[in-house]
Each structure stands twice: as structure tokens, then as C-alpha cells.
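Taking the hints into account, I'd like the entire structure generated from these sequences.
Line by line, the protein sequences give chains A and B. Residue numbers for the first sequence, in the numbering used here: 1 to 376. Residue numbers for the second sequence, in the numbering used here: 1 to 376.
Mixed in with the good hints, there may be bad ones.
Unchecked claim - Just so you have them, the derived chain A footprint on chain B, three or more residues with Cβ under 8 Å:
{"#": "1", "stretch": "16-28"}
{"#": "2", "stretch": "81-95"}
{"#": "3", "stretch": "338-350"}
To be verified - Okay, the calculated beta carbon distance ranges per label pair:
{"#": "4", "chain 1": "B", "residue 1": "224", "chain 2": "A", "residue 2": "294", "range": "44 to 50 Å"}
{"#": "5", "chain 1": "B", "residue 1": "118", "chain 2": "A", "residue 2": "53", "range": "36 to 42 Å"}
{"#": "6", "chain 1": "A", "residue 1": "320", "chain 2": "B", "residue 2": "165", "range": "50 to 56 Å"}
{"#": "7", "chain 1": "B", "residue 1": "235", "chain 2": "A", "residue 2": "28", "range": "28 to 34 Å"}
{"#": "8", "chain 1": "A", "residue 1": "23", "chain 2": "B", "residue 2": "219", "range": "21 to 27 Å"}
{"#": "9", "chain 1": "A", "residue 1": "320", "chain 2": "B", "residue 2": "15", "range": "33 to 39 Å"}
{"#": "10", "chain 1": "A", "residue 1": "10", "chain 2": "B", "residue 2": "11", "range": "54 to 60 Å"}
{"#": "11", "chain 1": "B", "residue 1": "151", "chain 2": "A", "residue 2": "15", "range": "42 to 48 Å"}
Calculated directly from the structure, the hints in this document are not laboratory data. Ideal Cβ placement from N, Cα and C applies to all residues, glycine included.
Below, each chain spelled out in residue letters.
2 protein chains.
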Amino acid sequence: MHSFEISPVDRALENLLQNKVDRKTKPLGALGALEKLAIQIGLIQQRLDPQLCQPQLLVFAGDHGAAQAGVSAYPQDVTWQMVENFLAGGAAINVFARQNGLALTVVDAGVAHDFGPRDVKRTAPDFFENRGLSPLLLDAKMAPGTANYLEQPAMSAAQCAEAMARGAAIVAQLAATGCNVLGFGEMGIGNTAAAALLTHCLTGLPLAECVGRGTGLDDAGLKRKQALLATALARYRAAGGDDAPRQVLAEFGGFEMAMMVGAMLAAAERRLVLLVDGFIVGAAALTAIRLQPALRDYCVFCHRSAEAGHRVQLQALQAEPLLDLGLRLGEGTGAALAFPLVQAAVNFLNEMASFESAGVADKRDDVVAPRVSSAG
Amino acid sequence: MHSFEISPVDRALENLLQNKVDRKTKPLGALGALEKLAIQIGLIQQRLDPQLCQPQLLVFAGDHGAAQAGVSAYPQDVTWQMVENFLAGGAAINVFARQNGLALTVVDAGVAHDFGPRDVKRTAPDFFENRGLSPLLLDAKMAPGTANYLEQPAMSAAQCAEAMARGAAIVAQLAATGCNVLGFGEMGIGNTAAAALLTHCLTGLPLAECVGRGTGLDDAGLKRKQALLATALARYRAAGGDDAPRQVLAEFGGFEMAMMVGAMLAAAERRLVLLVDGFIVGAAALTAIRLQPALRDYCVFCHRSAEAGHRVQLQALQAEPLLDLGLRLGEGTGAALAFPLVQAAVNFLNEMASFESAGVADKRDDVVAPRVSSAG
Chain A
1 MHSFEISPVD RALENLLQNK VDRKTKPLGA LGALEKLAIQ IGLIQQRLDP
51 QLCQPQLLVF AGDHGAAQAG VSAYPQDVTW QMVENFLAGG AAINVFARQN
101 GLALTVVDAG VAHDFGPRDV KRTAPDFFEN RGLSPLLLDA KMAPGTANYL
151 EQPAMSAAQC AEAMARGAAI VAQLAATGCN VLGFGEMGIG NTAAAALLTH
201 CLTGLPLAEC VGRGTGLDDA GLKRKQALLA TALARYRAAG GDDAPRQVLA
251 EFGGFEMAMM VGAMLAAAER RLVLLVDGFI VGAAALTAIR LQPALRDYCV
301 FCHRSAEAGH RVQLQALQAE PLLDLGLRLG EGTGAALAFP LVQAAVNFLN
351 EMASFESAGV ADKRDDVVAP RVSSAG
Chain B
1 MHSFEISPVD RALENLLQNK VDRKTKPLGA LGALEKLAIQ IGLIQQRLDP
51 QLCQPQLLVF AGDHGAAQAG VSAYPQDVTW QMVENFLAGG AAINVFARQN
101 GLALTVVDAG VAHDFGPRDV KRTAPDFFEN RGLSPLLLDA KMAPGTANYL
151 EQPAMSAAQC AEAMARGAAI VAQLAATGCN VLGFGEMGIG NTAAAALLTH
201 CLTGLPLAEC VGRGTGLDDA GLKRKQALLA TALARYRAAG GDDAPRQVLA
251 EFGGFEMAMM VGAMLAAAER RLVLLVDGFI VGAAALTAIR LQPALRDYCV
301 FCHRSAEAGH RVQLQALQAE PLLDLGLRLG EGTGAALAFP LVQAAVNFLN
351 EMASFESAGV ADKRDDVVAP RVSSAG
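Structure follows, in C-alpha cells:
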């Protein structure tokens, strides 16, 4: 089994970064959350002038055995249909990734559909290079969907480890091309149910607080989902299941989630900035953080999902996301929409003038330096 | 006096817009606030496929007579020094406007400083054309700062009307070049104090709730500011001052604020999308809305400022801003940072595939159309 070694960020640079932020031509703290973000990225990269290079979004897709039982408002076929929509460029994530300059790769982690031959060099090292912004499909299929966790574990421990390893391998290739900021998204009918189970097991908070309406269940549908998940949990507990992250992930997770956990661990190991989307990506991040707590340092939480259980996750991770727009779409849309704010944090740190360079009086010293003509 | 005629948006298209949003390949409502925003912009432009053209930011700068009395943590000279910083490209608003593709114009509405000759064609109709993203200074100076409202009205009624007319004229020129989305920003030491007085008078909420720390007053400074503003208000009330928007604006406003009110009215009259920044721009928007309530339909509230009084304004206008990042910088930074979200709202409406065009099953009918290869 691959083991990941993730170090907490070295905070020795923090004072220098804070000082650089504080000398910018603005009142102290006036850029709010963007100031904290700029310092976080500086610490991840161990630079006073961090750079975001080749931003990428990986959208992991997979099907869930439990979806047949009625945990979603949509039929399972929507998973592969949406993958086709991603490849055709017509989904929300395509629109937002294009707009904000993120390259998009769709990873078939375990969709119950044969996508047939595609013009894709699966293993070539140049997979991620020179392809502009047009989305490609990467075939990393573990199986055509997981098993139904109402009856048995969704995947075996070996499958879970293999899915994580494949996710890690994808990130290793991608990082080798120079990408240092990576957004995560997902598609999988039934995966808010899986994320709810993971969130419950890994935070210890009541299941009812972790379960939401997903793609749009009505009251009766929500009740059915809650009852089904309670049943799955009871079966797991009766079989002696504990709350170890890998075991919970194998028991209830989707292949897209397990692959994402591996991808996140590999990304943090390489000191990439991780753009964490909403509830399902959040469940993967929570799992990865329980495995390697230092991974938290590399996470930028992009938005607060309208899905109920997301608040539980964010609370458990003491995370304050950048956006709160009532989104509940997944696909990585929150990450793609928040990316300009992440870029803005880096840009103000690098491009804004300081009080000294701009000749602006600071209230703290009231010294007006001579006017200069260019930004420092 | 110029009179503005602003019509409420015609809502006849609302159902068609809502239906277009609902047929996109996503669960109903899953794009949250962006869906409402897309519909708002469609209604402003009276189109099912709205377009944002030549986005512009106008930053109005002016000085306040009351600034000498100690209502700000910074000396008054910072106003002109920051204008120089804008022109040199080194301020936060430069960084964010550049990043997000907004052209930037700085308007000297009444700065207490002689900027000397600049390479600017003040009145030429091509002022706003063909200049890329490099910021220019537009000279619309009313006077070198307002009078001190602790002693007398900040400006006369005639000055206030003239400032509004100049703001309107700027927008008329700008709209003639094809710009249909306009962000507002400001610079003026002392203008959170003025905005607090306007907010109090126009909402009727307690002055203490409307006054904040501005650029960073400490507790003692905040107390002094509150006491000074209470004194100014008492003088105004004793002189028979009422809460009519134009009178309040002339009494306490800055030239940058009066000019902005005129600019906003002219922009809404021409059916532009107005990007409303934080507390000071919000005070101008509140004034403009009190003059012409239909202006509210054209406003996109971009961020929730950390400045205390902004919450009062937003509550009074029942506005839910796009961003809540603890910003309190002004300059239009919240508008520039939110612009990609505004663009995203328009883009998803225009570019996303529908269930039918993408061949994705909708939970409402479960009909799977044949797969298609391009986005609809």
C-alpha cells in the first residue's frame, strides 16, 4: 500500500508574509479573507511571491451500487450522461472552468457505462500537456460502479487502496507538467448519500445532520434516504465496523471518492494548492485529513454548499469557505467559481504597491515618501 | 436640474428566463444565487441571452472638509496619494480590475490637490475608447474638497446638482461606447463618516449602528467619530434639516458621492447593470434608490463590507451580496472581485446545455434523448 508523507507547512515565513501584506497600500486587514489566503499560499509554496501555474480541475466520476435503492432523485444513467455532457463542453463546470482558465480532465473512476474508445493517450506522460482547455476523459475505471452498501461493503480494502493509488498516479503525472493548483470535482448519482455516511462516521455528529436532499429529494424522499442510510450504518456496526478512515471509505465510498482521496494526498505531498469544492469533495478531504492531518494546510475551501451535511464538515475542519452562494451542484463548480478569488489573493501580494513604493502616508508613521511612477 | 426617468424592469420575460434556467443540465436551483442573478440581468437587458459588454469601473475620488476634524485614521493627503497610486497601477483596485478585465477610470470629483496636466482628453467622445486597461484620470473636480459639515453643509444644493449632472454626463459618454456593465468605487479620506450619516438619515436606524471603524480607528477613535457625527447631525436638525435624499446628500456627502449618485441614475436610465461595491458606494446607491426606487432593479450588490453600517444598508435594501470576505477597502474592490461571478451567471445562461440538447435524463420526466456531441 502506498504511504503518503505530508508535512505541515513550515511557518517560518509567516511573519515575513504578514509584513508584506501589511505594507501594501490599504488599511491593515482590509482585504479580509484574501489576506489569510495569500499567506496560506505563500506558506504552501514557501515563497514571498507565490505563483499559480497551470490550474487544473479533476472531475472524478463513479457510480454507486446503492443508487438503485432510491437514495437520489435522479436515475443512475445520469452519471454517464453527465460525463458525456462534460466531454461535449455543455455542463456548468465546463462553462466556469473555461471562463476562469482552468483545464478540465474527467476521470472515469468507476462509471457503470462503457464510454468506448476515445482519442486519449491514457498513460502517456504528455496526457496533461498541450491540450488547452478542451476536456478529456481519463480512463481509470475500477469497476462499473461500487457494490450496494445496503448489503455489503461498497468496495474491498484492496479496491479502495488501488483506487487511491490510481488517483495519486494521476496527480503525479499532472504535477510533473508544472501544475501547482488543483481543483477537485465529482459526478456520481448517489454520492451525497455516501458523503453523508462518511461525514457522520468521521465527525461523530448525528446522521440526521449529515443527510440532505442531494439533487433535490422532496420530504418523503429525504425520509427514505435517511432510513436507508441508517440501515446501512446498522449493518456496518453489526459487522464490527469502526470509524477508521480507510475502512469507512471502503465501506460507503464511491470509487470517485476513494480516487479523490488518493489524488488529494498525492497533491498535498507535492505541495500543491488544493481547491476543495462542496459536500462530496469535502467528504474526500475530510477522509484525507483524518489519514494525514497536515493535508489541512494545503486546502482552500471554496464554497459553502446548500447541502445540509456540508456545514457539519466545515465545522469539524474549522473551515470558512470563500463563497456562500447557495450552490449545490457539485462537479467542482464551487472550486471553479472561487478560483478568481484565489488568483486575486496571489496577485495583490505580488502586484500591489507598498506604502513606501507608492509614496502614500501610512497612519502608523505618517511619513510621505516621494511620489513614484510605477507600482512596487 | 436634470431629472432622471428610471423604469422598473419589465418582468414579462421572467417566466421564460426561469424556464431556460430550469432546463439547464443541473438540479433545479442548484446554482443558487447565480440563477437569480442571471434572471436579473436578462430582465435588465430584456434578453434571454444577455451579454456583458466592455465592463468598466469608475472610481470617484473626493475630499471631505470634516476629515480635518479627525473622523479618519489616515491624513487627508492619502486621498490624492491613492489617486496617484491608482494612476500608477499599484492599488488593489488596479490589481483586481486588471485580473478580471474591467477598464478603470479615476474621476477627480473634488480632491484637495492639483494633479497638474495629464495626458487626458477630458471631453473628447473617444475618452473611454481604445485605451485598454490602463487607468486614466478624468477631471470633473467640483472644488478642492467639501466644506466641513460640522460647521455648515458640505455643499450647496447647486453644487450637489452640478456634481450629479457631471456624474450623469460621464456615464452618458461611457454608455455611448457600448459599455453595459458598470462598477462603482470611491476614494476619499473621511467618507465612511459621510456614508454613516447618509445611511442613518435615509434608513432611520440609530446612528451608532451606522458608524464603523473606517480605515481602522481604535476604540477611542471610534468614540470620537461617533461624537463628531452626532454633533453634525444635531446642527443639521437644529437648522431644520429633514431626511429628503438630495438635502441629506448635500449636507453630509462628498463630491465623489454626489457624482456617483448622478452616475448611477444615468446608468440605470440606460439599463446598464450596476455593480455596487461596499459601504460608501452603498450609501450612494441608497440615496439614488430613495430618489428613484426603480434603480434597485439594476443593482448587483457585490460584497458585504466588514464596515458596521453596511449591514444596515443591505437590510434596508433587502440585498444579499455575492461576496462576504470581510473586505473593508473600498475603491470598488468588492465590485471588481465579484465581477467573475456576474460573468459566470451570464455564461451559464448562454453556454450550458439543456437536458434535451445534452441527452441527460431529467428527474421530472426520465426521458433520455439521443446523445448529442455539442452543447446546446
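- Message: Of all the hints numbered above, which does this structure not satisfy? Sort the numbers upward.
- Response: Per hint list: single violation, 6.
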